[in-house]
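Asks: Read off the chains here:
Protein chains: 2
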Amino acid sequence: MSSTIETADSLYADIRRGQRRALARSLSLLESSLPADRELAYALLERCQHQPNPSWRIGCTGPPGVGKSTFIERLGCILTDTGRSVAVLAVDPSSRRSGGSILGDKVRMLELGQRANAFIRPTPSKATLGGAAPSTRDAIVLCEQAGFDTIIIETVGVGQSEIDVATMVDMFLLLALPNSGDDVQGIKRGIMEVAHAVVVTKSDLDAAASKRSAAQITSALRYMIPTASDWQTPVHVVSNATGDGFDTVIDALHRFFDNTRAATIDHQRRQQRGEWFDRVLSSEMLQRLLAMQEFRSACDVAREQSVLGRMAPSLGVHRLLDRIQMLITEVQ
Amino acid sequence: MSSTIETADSLYADIRRGQRRALARSLSLLESSLPADRELAYALLERCQHQPNPSWRIGCTGPPGVGKSTFIERLGCILTDTGRSVAVLAVDPSSRRSGGSILGDKVRMLELGQRANAFIRPTPSKATLGGAAPSTRDAIVLCEQAGFDTIIIETVGVGQSEIDVATMVDMFLLLALPNSGDDVQGIKRGIMEVAHAVVVTKSDLDAAASKRSAAQITSALRYMIPTASDWQTPVHVVSNATGDGFDTVIDALHRFFDNTRAATIDHQRRQQRGEWFDRVLSSEMLQRLLAMQEFRSACDVAREQSVLGRMAPSLGVHRLLDRIQMLITEVQ
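Protein chains in written order, with my numbering: chain A, 1 to 332; chain B, 1 to 332.
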């Protein structure tokens, strides 16, 4: 235990000094399922200090082929040019199921990765219990401790993770393909509803198509409830290749993170942290119980009875928990 | 306890004899948060016998003004005319927040309600912990025990509950308004994706508009992954006022519940019951823990620290659970 304390102290000091290798190692600890690694990760989180100047936490999602990495690379380069320090993290829901990573070992964001004030976490975790998302929230905190004032979370793959990412960032960007079809191109409405800005890419290929897409999305947004009462979701048109339109995106970031909106963002973060606490509480509680052989066996039997329809699931759970109720009342 | 057994025995016998008042009282027990009522409800569920002929479990949702109640009334009347017995239950997510009910005391489904082989639960619960949905699953089981072979679940209000309902029925119907606009009229895509049939209502008002809507929805469905590999989601056009088009809906129900699909439906129900078990397990486990004063206080402190940003939520939960770990290891 004392070695954990020493290691955590020196690792934390290295992170605060801005050492990339210490940060990278810490992020791996967050993703590890080894008990010793997890204990060290928690010890690190315990050391984290309050950050007086909140960073920009930006989420970025979009359908395959929309050019997320290229968009983030260009955006990151512009931001670092103007003095910001940018950390890019990836959330890959597919790793949960397949154990593989879409990104693989592909070299990404070459230019941004070479900058002194940028940090890219290229490969999402394969080992995380319960998907990459849980550790990503803590990874944001560690990157901020390392001095990064802009954290970009890139979602890889599709599905629930996009909504998960929306609950861990301040501003959520949705990238969309230029498309002249009359439907909103397979974008899930749920995603549109949580976006703070929509960016139509590839304006260099067919400027007219991009504009039509932007108009359609603007019109679709009219039917939706705004994400925040003091913010109207803009729709931008950009080219990752030429850089056209990025000035409007940067402008939107500045407007979003303007001092006048600080209270709104702070309120949103508090809410996110409360909801996250509740989610981690139920899942970790259950994980700890299921780690007990006796509980696990009783649970497996009750679940099987429920699945087979021999017992209502609510009854199965109720009786199971009745049997371990002593356990609970003992401490009271 | 012995009185619980006696009451449960006689109440269950009355349900099996098809007594409506016994069924209605049992459904109230499921919705009650009083410990004695809940114990009686669980005792009832314990008595439920395996049903050899599975019922039709049908969910029904749609935007406000689409005519859900009128649709269900007409559908229910046609089904009872052909010898089926129909129970209608409502799930009202709004009751969770406001404590009120959209339906209020409005008299609904007058004609269906008077039929001998129909049962309507008019007012959704206001007292249920965690929304109406949890008790609805058990209510389905009790209605089946009372001999109903067709259970229709009507969602009132919008949001997550619609998806919840989809996870408790075999077949999910989505009602849609005729609309000549070029977007899919505010229907959440997530809902379309879980629908087994879409029904455009009000064809008596503007037959052309209804047909255009149906065509748009059919085209939108093409971009979506089918809900079941052996089922193609049909789009129907009906008039609740004249009854036009209901024959096509009835035909779809028969095709859906055809014997050849029995294995698919059975598989889906098993999966639903397993997922439901998991959800009830985490929520009831947590409820029992939070009922302990000592745990509750420690939890409140940790949550507040997390919300204020003084501690990462994952760390807060971890340390909280470390403190009650003894509790868990004691039984091992």
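Be a bit skeptical, because a hint or two may be false.
[To be verified] If you want a taste of the chain A side facing chain B, the calculated C-beta under 10 Å gives, among others:
#: 1; residue: Q51
#: 2; residue: G67
#: 3; residue: S69
#: 4; residue: T70
#: 5; residue: V194
#: 6; residue: G243
#: 7; residue: F246
#: 8; residue: D247
#: 9; residue: D251
#: 10; residue: W276
#: 11; residue: S283
#: 12; residue: L286
#: 13; residue: R310
#: 14; residue: A312
[As the list claims (entries may be wrong)] Chain A stretches covered by chain B per the calculated footprint, using a threshold of three residues with CB under 8 Å from any CB of chain B:
#: 15; stretch: 42-50
#: 16; stretch: 297-307
Hints were generated in silico from the structure; no laboratory data involved.
Every residue, glycine too, gets a C-beta built ideally from N, C-alpha and C.
Asks: Next, verify each hint and record whether it holds.
Replies: Here is how each hint holds up against the structure:
no., hint, verdict
1, Q51, "holds, 9 Å"
2, G67, "violated, 21 Å"
3, S69, "violated, 25 Å"
4, T70, "violated, 25 Å"
5, V194, "violated, 13 Å"
6, G243, "violated, 32 Å"
7, F246, "violated, 29 Å"
8, D247, "violated, 30 Å"
9, D251, "violated, 28 Å"
10, W276, "holds, 4 Å"
11, S283, "holds, 7 Å"
12, L286, "holds, 5 Å"
13, R310, "holds, 7 Å"
14, A312, "holds, 5 Å"
15, 42-50, "holds (count 5)"
16, 297-307, "holds (count 5)"
Checked against the numbered hints listed earlier, the structure breaks hints 2, 3, 4, 5, 6, 7, 8 and 9; every other hint is satisfied.
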